[in-house]
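Visitor: Using the sequences and the hints, build the whole thing.
So the protein lines, in turn, are chains G and Y.
Under the working numbering, think of the first position of the first sequence as 12, with each following residue one higher.
Under the working numbering, think of the first position of the second sequence as 275, with each following residue one higher.
No wet-lab data here; the hints were simulated from the structure.
There may be inaccurate statements among the hints.
Claimed, not checked - Here are a few chain G residues that sit away from chain Y, every Cβ distance over 10 Å (derived from the structure):
1. Ser55
2. Ile64
3. Glu68
4. Lys92
5. Asp132
6. Phe133
7. Ser145
8. Asn169
9. Asn195
10. Ser213
11. Glu269
12. Ser273
13. Val284
14. Cys322
To be verified - A few chain Y residues facing chain G, derived, Cβ under 10 Å:
15. Lys308
16. Lys403
17. Ala595
18. Gly612
19. Val617
20. Arg619
21. Leu620
Ideal placement from N, C-alpha and C gives every residue a C-beta, glycine not left out.
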Amino acid sequence: MKEYYLGVDVGSVSTNIVIIDENNDVIVKKYIRTKGRPIKAIQSGLKEIKEEIGEIEIKGVGTTGSGRYLSSILIGADIVKNEITAHAVAALNFVPDVKTILEIGGQDSKIIILRDGIVTDFAMNTVCAAGTGSFLDRQAARLGIDIKEFGELALKSNNPIRIAGRCAVFAESDMIHKQQLGHNQEDIINGLCEALVRNYLSNVGKGKEILAPVVFQGGVAANVGIKRAFERALDMEVYVPNHYDVMGAIGSAILAREEVKSKEVSKFKGFEVADTDYKVKGFECNDCANMCEVIQILAEDKVIARWGDKCGKWTNLSDINLQRLA
Amino acid sequence: MKITFPHMGNTYIAVKAMLEDLGLEVIVPPKCSKRTLELGTKYSPESICLPLKINIGNYIESIERGADTILITGSCGPCRFGFYSVIEKEILKDLGYDIDIIVFDPPDGNYKEFINRITKAVNTNNPIKILKSFNRGRIILKEVDRLFQFSNKKRAYAVNSYEVDKIMQKFSEGVLKVKGVIETKKLIKRIFKELEKIEVDNTKRPLKVGIVGEIYTVIEPYVNLDIERKLGHMGVLVDKFLTPSRWVEHNLTLGHLGLSEERKAWKAAKPYIRTLVGGHGRETVGSAIMYAEKGYDGVIQLLPFTCMPEIVAETILKTVAKDYDIPILTLIVDELTGEAGYVTRLEAFVDLLKRRKEERKFERVLSRS
Ligand code: SF4
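Guide: Below, the structure written as C-alpha cells:
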C-alpha cells in the first residue's frame with residue numbers, strides 16, 4: 012500500500028501544501044496566497060486537495076514557515092521545523108551532494124551552505140526588498156509586463172546595461188533613468204535581473220563560500236533571467252528543481268516521514284480541519300508590566316490554544332509546541 | 275528625592291536594594307515593554323543605537339511615576355555610549371522635564387570623585403556607609419547573576435523547562451515587593467530553593483552556546499528577545515560572557531589588577547585585534563575565542579543595529595569561526611526586529627549545531643573501530 016505524507020509551509024506571502032509518497036515524489040501541490048489569513052489559506056488548500064484526490068490516509072505531517080506553530084496546532088503535526096532546515100532537506104533530496112542553496116521568495120531570501128549533507132552556515136535577509144521577489148513584481152508592473160514573461164525577455168537582451176542594485180529605491184530610480192535614456196526593454200529587464208543577483212550576493216551571500224553544486228529555489232527560481240544571471244555571476248551551473256516553489260513544504264513532508272518511522276500513529280487531525288470554524292482572538296494582558304499580547308485560537312468557539320504570554324499564566328501547559336510560540 | 279535609573283537586565287535588583295539601604299526612595303522603571311520602546315523611539319534621534327532609545331523610554335515611564343532624579347553610568351571608550359549621558363540630558367531637557375541627572379563615569383581608580391558623586395546622590399557624608407552598601411550591592415549583583423545562570427542550566431536539563439519560567443516570573447514580581455539588601459537576599463535564596471526542586475533529566479547532553487556582543491543587548495532580555503529563555507527551551511545550555519557582575523568586577527575592582535575575565539579576553543583577542551575599537555568589540559572577539567577553546571558547540575553574537583564596535587568584531591569573527599572551527603551566528607536587533615525571523619534563525623542554528631555534534635560523535639566512533 013502506498014504511504015502519503017503531508018507538508019505545509021505557511022509564509023507571509025504564500026501557503027504551500029504538498030503530499031509526497033514513500034519515494035518522496037510529489038503527488039499534489041498547492042500554492043495559495045496567504046493574504047494575512049493563514050488559517051483560511053491552510054483550510055482552502057486542504058479542501059482543494061481533498062476534492063482532487065479524495066481522503067487518502069496520511070501517515071505523517073510536517074509544518075514549516077513563519078506560521079509553522081500555528082499550522083501545527085491546526086492540523087496536528089508530527090514535526091515542526093524552521094524553514095532553513097526544511098529547505099535544506101528538500102534540496103538534498105533533489106541534488107544529494109548540494110553544497111549551496113540560493114533561495115529567493117516573495118518577501119525574503121536566504122542562502123544555505125551545506126557540506127557533506129549537513130547545514131554548516133546560513134544567512135537570511137528580511138530587511139531589504141531589493142534582493143527579493145517583490146522587487147521584481149514591482150518593476151514588472153512598472154514596465155507593464157507580466158512577471159511570467161520577465162525572465163524570457165531578459166534572455167533576449169544582447170546589450171547588457173548596469174542598474175544600481177544596492178537598494179530597491181535606488182534601483183528603481185536608476186531604472187527610470189535608463190528608460191529615459193532610451194535603452195530597450197529587454198536590456199533593462201536583464202539589468203534588473205543582474206542588479207537583484209548582485210544585491211543578493213553582496214547582502215545575503217556576503218562572506219559565504221559558494222561551491223557547486225548550486226540549487227536555486229523559491230518562487231523567484233521560475234525566472235530564467237535570474238537563473239542565468241546567477242550562472243554568469245558565479246560562473247557555475249545552477250540547478251532549479253521541478254518543484255522549486257514548494258521546497259519548504261516538501262522538506263517538511265520528508266522530515267515528517269523520518270519522524271513517524273518509529274511511531275505508530277500520526278497526530279494528523281484529518282481533512283475535516285478544512286471545515287472546522289476557527290477564529291483567532293488576541294488580547295493584551297495588563298496583569299503585569301510585560302503587557303503580553305496573548306493570542307488564542309478558537310475552534311467552534313472553544314479555545315484550543317493560547318500563547319504569547321511570558322509567564323505561562325494563559326498558556327495551555329500540556330503542549331510543548333504551543334509554548335514555543337511564546 | 276525619588277531616584278530612578280535605566281534598565282539594564284538584572285542590575286536594577288542590586289541598585290534598588292543598595293539605594294534603598296541608603297534610605298532613598300527608589301522608583302524602578304516598569305519592565306521594558308513595547309510602550310517603553312515606542313516612547314524612546316519617538317523622542318530619540320532616529321539613527322541612534324537601540325539602547326539609548328530604551329533608556330529614554332525608561333526615564334519617561336519613571337518620571338510618570340514620580341521620579342525626580344536619574345542615576346546614569348557614564349562612558350565606555352570611543353563609541354556612542356560615551357555620549358549617552360550628554361544626549362540623554364539634552365533630550366529630557368527639550369521635553370521639558372525638570373529632573374536632576376547624576377552621572378557616574380567608570381572611575382578608573384579615582385575613588386574620591388566617585389564617592390563625591392555618590393554622596394551627592396545619597397545625601398550622606400559618611401563614606402564608610404556608602405562603601406558598605408556599595409559592597410553589599412555588589413554581592414546582590416553577583417547572587418542575581420548566579421540565580422539566572424542557575425535558571426539557564428535548569429532549563430536545559432529540566433523535564434519541563436517551562437516550570438523554570440514560572441518560578442523566575444515569581445522572582446521578578448517578588449523583587450519589586452521586597453525592600454533593601456537583606457530582604458532581596460532572602461528572596462533570592464527562596465527562589466534558588468524552588469528551582470532546585472524542579473525535576474531534571476541528567477541523561478540530557480545539552481548543546482553549549484556562549485553569548486557574546488554588545489553588553490546592553492546581551493544583558494537586557496527585552497532587547498535580545500529573551501534569547502536565553504528561547505535557547506533554554508530548545509535544550510541549550512547558555513552562558514553569557516558579559517553579566518552585570520562581571521562588568522562591575524572589571525570596571526571597579528579586579529580590572530585594575532589585570533585579573534578580570536575581560537582582561538583575559540583582550541589577551542585572547544590579541545592576534546586579531548590589538549587595540550580598543552570602542553564598546554566591547556575587543557571583548558567580543560576574545561570571548562568568542564575563549565568559548566571555542568572551552569569546547570563550546572557554538573557562539574552567538576548580539577548587537578544593536580548600527581553598533582560600530584560590534585560591526586568591526588563581526589567581520590573578525592568570520593575568521594575566528596574558520597580558525598577555530600566553531601559556528602558563530604550574528605544577530606542584529608533593532609526596533610523592527612521581527613520575532614518570527616529571529617526564532618527561525620535560532621532554531622536553524624541549533625539544528626546546525628546538533629547535526630554537527632552528532633556527526634562528530636559518529637566520526638569518533640568510526641575512528642576508534
Ligand atoms: S501574560 Fe503574564 S507575563 Fe504577560 S502581561 Fe500577563 S501576567 Fe504579565
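Visitor: Are the hints correct? Go through all of them and say.
Guide: Going down the list of hints, with the structure as the test:
{"no.": "1", "hint": "Ser55", "result": "22 Å, holds"}
{"no.": "2", "hint": "Ile64", "result": "31 Å, holds"}
{"no.": "3", "hint": "Glu68", "result": "29 Å, holds"}
{"no.": "4", "hint": "Lys92", "result": "8 Å, violated"}
{"no.": "5", "hint": "Asp132", "result": "7 Å, violated"}
{"no.": "6", "hint": "Phe133", "result": "6 Å, violated"}
{"no.": "7", "hint": "Ser145", "result": "16 Å, holds"}
{"no.": "8", "hint": "Asn169", "result": "39 Å, holds"}
{"no.": "9", "hint": "Asn195", "result": "39 Å, holds"}
{"no.": "10", "hint": "Ser213", "result": "14 Å, holds"}
{"no.": "11", "hint": "Glu269", "result": "13 Å, holds"}
{"no.": "12", "hint": "Ser273", "result": "17 Å, holds"}
{"no.": "13", "hint": "Val284", "result": "22 Å, holds"}
{"no.": "14", "hint": "Cys322", "result": "4 Å, violated"}
{"no.": "15", "hint": "Lys308", "result": "7 Å, holds"}
{"no.": "16", "hint": "Lys403", "result": "32 Å, violated"}
{"no.": "17", "hint": "Ala595", "result": "9 Å, holds"}
{"no.": "18", "hint": "Gly612", "result": "7 Å, holds"}
{"no.": "19", "hint": "Val617", "result": "8 Å, holds"}
{"no.": "20", "hint": "Arg619", "result": "6 Å, holds"}
{"no.": "21", "hint": "Leu620", "result": "8 Å, holds"}
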